[in-house]
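Peer 1: Spelled out, the chains give:
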Amino acid sequence: MIDFGYGLTPSATLKIEKVDNPLFAELHRLEPDVTKCIACGSCTASCSAGVFTEMSLRRVILSLQRGREKETLPMLQHCMLCGKCQLVCPRGINTRHLILSIGKVYKMEDKAL
Amino acid sequence: MSQNIVVIGGGPAGIEASRRLRDLGYTPILIEKEPVLGGHLARWDRLFPDGVEARKVLEPMLADLDGIKYFTDTEVSSINRLKDTWVVKLSNGLSAQVRAVLLTTGFDLFKAEKKEEYGYGIYERVITNADLEDWFKSGAAPQFDDVKVIGFVHCVGSRDEKAGNRQCSKVCCVTAVKQACEIKERFPEATVYCFYMDLRMFGRKYEDLYLKAQKECGIRFVRGRVSEVSEDIDGHLFVKAEDTLFGKPLKIKMDMLVLMAGMAPAASTAELARMVNVLPGEDGFFLPHSLIDSPCTCAREGIFYAGTATGPKTIPETLSEAASAALAIDRYLKSPQK
Amino acid sequence: MMKERILAAYDPFVLPFVFGMTFVLAYCLVALVKVLIQLKPADRQKFFLSLITPATIVKNIRDLFCDCLFHVKLWKRNKVLGYMHSSIAFGWFMIILLGHVETVLYIPERLHKLYYPIFFRYFMEVKGETLQGSFFFFLMDFFLLVILSGITIAIIKRFRSRIVGMRRTTKLTLTDRIGLYSLWAIFPLRWIAEGFTAGVAGGSFMTIPINWLLHNFMSKPENFTAAWWAYSIALGTFMTVLPFTRYMHIPAEILLIPMRNAGLPVRHTRKGFALAMLYSCPSCGVCIDACPMGVQKKNVQDATVYMVRNLKRRNPKRSLEIAEKCLMCGKCAALCQVQMDACGLRLAYRTSHEKEHNRIPADFGYLEAVDPLPQLGEQKVLYYAGCMSSLTPVISRSVQQVLKAAGVDYELMDKDGSICCGRPLMLSGRQEEARKLIEKNRQLIEESGARILLVSCAICYRIFKEQYDLIGVEVMHYTEYFNRLIKEGRLHVRNGHQTLVYHDPCDLGRGCGIYDAPRQALRAVGQLVPAAKEREESICCGGSVGSLTLRYEDREPITRGALDNLTANNPEQIVTACPLCLKTFSRFAPVPVADFAEVLAQNLEQA
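These protein sequence lines map, in sequence, to chains A, B and C.
For the first sequence, position 41 (counting from the first letter as 1) is numbered 40 according to numbering that gives the first Met the number 0, and the numbering increases by one without interruption.
For the second sequence, position 120 (counting from the first letter as 1) is numbered 119 according to numbering that gives the first Met the number 0, and the numbering increases by one without interruption.
For the third sequence, position 65 (counting from the first letter as 1) is numbered 64 according to numbering that gives the first Met the number 0, and the numbering increases by one without interruption.
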């Protein structure tokens, strides 16, 4: 098909119908509570690393669910694993284990290293 | 002589159900552990969505108690099954043998000090929704002068597994919007923020109230839960949250913070459940026979529920449930005995 | 007078023993070499050096006697178990020793035969009694009796562990069972064997009656050998299976003690020092009852003894599960009879797992841009509240109230967010990453010119003490510092006469050995009542950042268990000295939970 250039660029739209997400399924197996997140942002608000960087666990979780992990994985590099997010999370998610598990399941793009 | 029915809990549900039962020809025995009838409604100043004064709802009810035996400052000591009746012993030494017992024990306001990170009981400028109603009702001068920035924190002790309350308390969202508008009237110059996780404007006219709050009162809504509160040397507050729609954390200085304490199961629920030998739900509220078509009946014969004893409800919901409970009891008592 | 009865000084029945003994000695030698080779060169050097350092020599000898032979630690904990172990260990040791002494005294030329002192009675006969001879007969029988009494308790313990005060005991493996039954058999068989020969070779109050009892059958020399064969087979079986059973702890501990006293760290999960440690686990199961997770039956399999077992068997799946689940409270290690570094082993496992599997490398470059702290004067105290404390405002507020009341000039280190102390990162197995945080914090603190670093979080305090090496800065936990202020008369408090129970936070108590300072200070403001178990045996609150995988709902039973322990003597208030314990306990406590500083702040004497 000829691209007339009127379509939305691929990065601008979210192709949720195309999100085939075996990685997220594996993460869910390691830390089932990941789906308990209600995106309240408490973790981000109290994040120790968030004072200095863009770190937002809420955004990380959402991006993983949407298959757009590339955009947020670098944030996790700043995590000090201090556990404040675990303490404030109203859902009782084991956020430290979630972060450690993400590191096992997902791989950072080499260029970002 | 008409048949006695014991109603435990003298809040809106208990009073309304007692009145209905009386109208149906029974003699309700209403028991209230506090010195006055009315429950949480007696403490509230105005009601959403229209700002009707709570006393205008409660006073007519209290003026219409003829034919109802009520005891304040009284608790239930024991409830025992005797053949097809329940024997209810009271702390004042009286006891009643009845065929039907209605539990209208209501809820407890979540103890906001349990969320230490908000500093209730530690920081002077952190208050709860109930404290605010107290103040509105007293008509007193404001506690703090120079109030320029005010925040409302939704879901304090609601949807919170750490607080032991996973459920949504249903009424806090609209209460917060109502109170935000009211406080804006008191402090017209102040900026008022509502920090919410999800806004649940489910009732008739609630959405209108929410629109009014934004359009007329200029209340600013931020989708993000407050995660911690600190204090500076003058007692002003620093509130941390994430604006999750914008995707950035924020820290804002405030002069007053109102915590929307939610509905927790009443402390008496577990004890009464043990007495009548039923298991409360996982959330700690009484579990009716069916949440769909028999919200007032219990697995145990002769025990009925109404109001927030079975979970968070608004005042109109409570009142109509009290009426249906009265009908359910009437039908039970008129049905042929086994 | 003793005389050699069997002139050949040999009988085929000794073969099972000789085989077993040779095998076990060879195995231990190989294992020893393996452990030594696996040590890092620097550690090896440190170890050898410690072996010739007089102070360590004395400590080694003392520990060898106290731990291996007399089981002093176990005596303190449980007298019955203490007696059981020391009677077998010390009794056996004495029997071997006395066998050798007799051989040296009477037939020194046979000493080179491995089996001779063991089967001394078989090869000898008695010709006329001497005082010296009867003395040995008596001693040998006496120690045999001691051992037999120990074995009896052991048998009872195996079937009814509650009688000896153990709630749970380890599940034995098949080889463990073979070892166990052969061990039980050895001494009764020796008793019978020596009973057989007591008529000719002499005996005392244990063996002579056996001889008399079955005189007709016994007195025939051709019946001797069957009993001695049985004795030798039991010994041989025990020795042969020993390396593959928990009884490996007997020889391994002899190596472990000097290695531990040399101060070697655990660097690997099953190499070097760690291997010596794995060998040294006696599978006694003290760690099972010690573990706070044991309140849930499903967690029993996660006790240290099973960690050791899975490491030995190279079961990576279970080893990882156990390593990651642990609260790292250190209670099992504190009670462990061989002082197993249970947390160290788990940490080593986490570290190697992280190194291998984490694919999102840390980047703490942003720390470089962190502003330096304001310069502090000589007298200034730098107060680091820590990450957790910002969620428990009552702590920092009370600490500041107390500091003001005592007239202490202080500065807050983490008003606007803090760099984490690094301990949670370290506990997650990210050692090198943690070092970056440590370095930055160290630099900030040292450059501020602070003299005292005041810490109100037990987790932070431990890593500041253990890993920071702050030069010219005294790291003090607020319990120590406030107690000092009270003692120096700078802080005036009144006694509110409330009954208080103090909870020892894991990292403060077992981690840093601070038990008395908080208690002394609390006695000044209230009436301290003991918990059912406290100090080294305090029970983790369940909130620990040490556990990586334990879910929120599985922590609640631990918390409730710890609370039951604390409220055993009906205190009016629970006092803790760690923000995490405070937050965790507050959720479920039946009585108010207060922070240490909060209690002090409530009882300040107005000057």
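Note that these hints are calculated values from the structure, not bench results.
It cannot be assumed that every hint is accurate.
The calculated DSSO-like cross-link candidates involving lysine-lysine, where the alpha carbons are at most 30 Å apart (straight line), are [said to hold, decoys possible]: (1) Lys403/C with Lys106/A; (2) Lys161/B with Lys35/A; (3) Lys354/C with Lys252/B; (4) Lys250/B with Lys435/C; (5) Lys296/C with Lys161/B; (6) Lys103/A with Lys311/C; (7) Lys69/A with Lys247/B.
Interface residues of chain A toward chain B, partial, derived using beta-carbon atoms under 8 Å [stated by the list, open to error]: (8) Ala38; (9) Gly49; (10) Val87; (11) Pro89; (12) Gly91.
What follows is a list of derived Cβ distance ranges for each label pair [what the hints assert, rightly or not]: (13) Asp145/B with Lys35/A: 47 to 57 Å; (14) Arg76/C with Gly92/B: 19 to 29 Å; (15) Lys250/B with Leu13/A: 22 to 32 Å; (16) Glu281/B with Pro373/C: 50 to 60 Å; (17) Phe22/C with Lys35/A: 54 to 64 Å.
This one's a predicted model, so the numbers in the text were calculated from it and none came from an experiment.
Cβ coordinates follow ideal geometry from the N, Cα and C atoms, glycine included.
Peer 1: Hint by hint, say whether it matches the structure.
Peer 2: Hints, one by one, checked against the model:
no.	hint	result
1	Lys403/C with Lys106/A	violated (50 Å)
2	Lys161/B with Lys35/A	holds (13 Å)
3	Lys354/C with Lys252/B	violated (42 Å)
4	Lys250/B with Lys435/C	holds (27 Å)
5	Lys296/C with Lys161/B	holds (23 Å)
6	Lys103/A with Lys311/C	holds (25 Å)
7	Lys69/A with Lys247/B	holds (19 Å)
8	Ala38	holds (6 Å)
9	Gly49	holds (5 Å)
10	Val87	holds (5 Å)
11	Pro89	holds (4 Å)
12	Gly91	holds (4 Å)
13	Asp145/B with Lys35/A: 47 to 57 Å	violated (41 Å)
14	Arg76/C with Gly92/B: 19 to 29 Å	violated (55 Å)
15	Lys250/B with Leu13/A: 22 to 32 Å	holds (30 Å)
16	Glu281/B with Pro373/C: 50 to 60 Å	holds (52 Å)
17	Phe22/C with Lys35/A: 54 to 64 Å	holds (56 Å)
Hint violations for this structure: numbers 1, 3, 13, 14, all remaining hints satisfied.
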